[in-house]
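Q: Chains as they are written, first to last, in the working numbering: chain D, 5 to 194; chain H, 25 to 313.
Careful, some of the hints might be misleading.
As the list claims (entries may be wrong) - Cβ-Cβ distance ranges computed for the label pairs, FRET-style:
1) D:D19 / H:G119: 28 to 36 angstroms
2) D:D35 / H:E92: 39 to 47 angstroms
3) D:E24 / H:D136: 30 to 38 angstroms
4) D:F20 / H:K121: 25 to 33 angstroms
5) D:E188 / H:K308: 49 to 57 angstroms
6) H:T293 / D:E24: 33 to 41 angstroms
Read the hints as simulated data drawn from the structure, not as lab findings. Every residue gets a Cβ at the ideal spot worked out from N, C-alpha and C, and that includes glycine.
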Amino acid sequence: MKEMWEGGLRLGEGDFSFLEEVRRRSGEHLDLCYQCMKCTAGCPTAPYMDIKPHQLIRMIQMGRRGEVLGSGAIWFCVYCQTCGTRCPNEIHIGVLMDALREMAVGEGVEVKERRIHLLHEAFIQSVRRGGRVHEVTMLMDYVLRSRDLMKDSLGSGVKLFLKGKFPLFPSFVKEREEIRRIFERCTKKQ
Amino acid sequence: MNYLYFPGCTLYTKAKNFDQTARNCSLLLGFELIELPNWTCCGATFPLATDNLMALLPPARILARAKEQGEILTTLCAICFNVIKRTNHLLQRDGEKREKINEFMEMNYLGDLKVLHYLEILKQEIGFSTIKDKVKKPLNELQAAPYYGCMLLRPFEEMGFDDKERPTLFEEFLESLGAKPVDFPYKIECCGSFQSVGSPEVATECAYRILTSAMKQGAEVVVSTCPLCTFNLDQKQSDILKAHLDFKTIPVLYFTQLLGVAMGLDPRTLGFEQNAVDPIPLLKRKGLV
Numbered sequence: 005m006k007e008m009w010e011g012g013l014r015l016g017e018g019d020f021s022f023l024e025e026v027r028r029r030s031g032e033h034l035d036l037c038y039q040c041m042k043c044t045a046g047c048p049t050a051p052y053m054d055i056k057p058h059q060l061i062r063m064i065q066m067g068r069r070g071e072v073l074g075s076g077a078i079w080f081c082v083y084c085q086t087c088g089t090r091c092p093n094e095i096h097i098g099v100l101m102d103a104l105r106e107m108a109v110g111e112g113v114e115v116k117e118r119r120i121h122l123l124h125e126a127f128i129q130s131v132r133r134g135g136r137v138h139e140v141t142m143l144m145d146y147v148l149r150s151r152d153l154m155k156d157s158l159g160s161g162v163k164l165f166l167k168g169k170f171p172l173f174p175s176f177v178k179e180r181e182e183i184r185r186i187f188e189r190c191t192k193k194q
Numbered sequence: 025m026n027y028l029y030f031p032g033c034t035l036y037t038k039a040k041n042f043d044q045t046a047r048n049c050s051l052l053l054g055f056e057l058i059e060l061p062n063w064t065c066c067g068a069t070f071p072l073a074t075d076n077l078m079a080l081l082p083p084a085r086i087l088a089r090a091k092e093q094g095e096i097l098t099t100l101c102a103i104c105f106n107v108i109k110r111t112n113h114l115l116q117r118d119g120e121k122r123e124k125i126n127e128f129m130e131m132n133y134l135g136d137l138k139v140l141h142y143l144e145i146l147k148q149e150i151g152f153s154t155i156k157d158k159v160k161k162p163l164n165e166l167q168a169a170p171y172y173g174c175m176l177l178r179p180f181e182e183m184g185f186d187d188k189e190r191p192t193l194f195e196e197f198l199e200s201l202g203a204k205p206v207d208f209p210y211k212i213e214c215c216g217s218f219q220s221v222g223s224p225e226v227a228t229e230c231a232y233r234i235l236t237s238a239m240k241q242g243a244e245v246v247v248s249t250c251p252l253c254t255f256n257l258d259q260k261q262s263d264i265l266k267a268h269l270d271f272k273t274i275p276v277l278y279f280t281q282l283l284g285v286a287m288g289l290d291p292r293t294l295g296f297e298q299n300a301v302d303p304i305p306l307l308k309r310k311g312l313v
């Protein structure tokens with residue numbers, strides 16, 4: 005963290021439309037934040053974040069678009085909503101993180117936590133195929149996309165399979181045609 | 025009275041024991057779970073950015089289909105419950121989005137279905153006192169730690185499940201079965217969720233903190249309401265053992281498995297073979313199987 009702040013954040017350097025844009029996309033009033041750090045204190049994934057939740061808000065206020073959208077932090081949030089429940093100013097950082105991820109993907113910013121992003125992709129593709137998530141094919145898809153042989157996770161996958169928890173064949177809904185249409189219309193509109 | 029039931033994807037795969045025990049217990053408690061025909065994935069995350077309507081489509085479709093067939097929809101998986109309940113809440117209150125979604129999906133759903141978690145059905149519709157009367161094999165003061173996780177409780181304005189920081193519903197349930205609920209500070213902490221795939225070390229650490237916190241308060245078993253939490257808490261214990269030499273394993277059960285034990289169901293039907301940490305030695309010691 006130290007390096008990031010060494011240069012200091014000087015007013016006048018940032019992109020000030022950023023705060024307004026994030027406010028509009030997320031609906032959260034980030035200007036209310038007074039840095040009490042309750043969000044970071046209760047966050048289960050904060051230890052793994054390159055920029056902590058309360059710092060992220062400050063950086064948005066300062067208009068540091070590139071650092072915020074390119075951060076790994078936005079991909080570590082699992083939306084447990086602990087921060088939003090405890091924030092004295094009722095800022096829901098989980099909501100904010102979702103908006104930031106959308107903006108990052110939309111702007112083609114290079115995703116720092118690539119593997120997490122790829123898992124999201126593999127998940128939605130699995131729903132697209134059959135209307136329901138099928139873990140075996142979803143995880144295979146994830147492994148192929150990420151070229152991450154999943155180290156430990158592959159081991160637990162095998163264990164689950166041996167316990168009869170992973171059926172090899174997906175269960176599809178009957179109305180796959182309807183699912184296909186919904187996806188098609190969504191991608192067209194967006 | 026029967027209830028419409030949305031199982032969700034994992035209840036068909038890695039949480040079959042959750043699904044099956046809930047169905048069997050229902051019959052003993054005098055109601056049946058009627059599976060919603062042709063259900064799809066709920067989407068697994070409630071979309072948060074204000075302009076993302078696409079992710080609302082799967083839960084909206086589920087709600088509209090359910091409304092055609094009944095008034096109350098129940099789920100077991102805490103994540104599905106969160107997504108479906110929040111979408112329902114939004115469709116009730118946001119007329120503009122409701123109209124857009126209805127138009128897009130060619131349906132007319134008004135948000136007037138009641139979405140209840142299975143635990144809420146047990147509390148509000150059946151009553152914990154009735155359950156207590158129907159218990160055949162009281163759990164012999166088994167020290168059980170109720171793990172709520174995130175999804176049942178937050179955001180509490182929309183979920184309305186229980187108190188946001190000090191919930192007690194799960195404890196009341198365990199008491200009605202004759203168990204001794206263990207209060208522990210990590211009962212509403214996050215399990216690390218889907219990070220167990222992309223960054224397994226994150227989820228392993230979360231699980232370590234939760235499980236050791238429960239054990240320090242004297243828990244003999246941790247009880248869960250969510251397939252993903254159960255994966256992280258139960259399945260990941262072999263990874264925790266590698267990272268923390270002081271760690272001792274502890275069984276993690278779905279609440280319906282304990283309900284099944286208390287209702288006197290044949291232990292062979294309770295799916296214990298699918299639990300990573302074998303609960304049988306503990307249950308034997310307690311004289312429960």
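Q: When you take the CB atoms of D:E188 and H:K308, is the distance between them in 49 to 57 angstroms?
A: holds, 55 angstroms
Q: I want to verify a distance hint. Is the separation of the beta carbons of H:T293 and D:E24 within 33 to 41 angstroms?
A: violated, 58 angstroms
Q: Check the following: the C-beta atoms of D:D19 and H:G119 are separated by a distance inside 28 to 36 angstroms.
A: holds, 35 angstroms
Q: Verify the CB-CB distance for D:F20 and H:K121 against the hinted window 25 to 33 angstroms.
A: holds, 30 angstroms
Q: May I ask you to test the hint 39 to 47 angstroms on the CB atoms belonging to D:D35 and H:E92?
A: holds, 45 angstroms
Q: Given the range 30 to 38 angstroms, decide if the beta-carbon distance of D:E24 to H:D136 lies inside it.
A: Given a distance of about 37 angstroms, which is inside 30 to 38 angstroms, the answer is holds.
Of the numbered hints given earlier, the model fails hint 6 alone.
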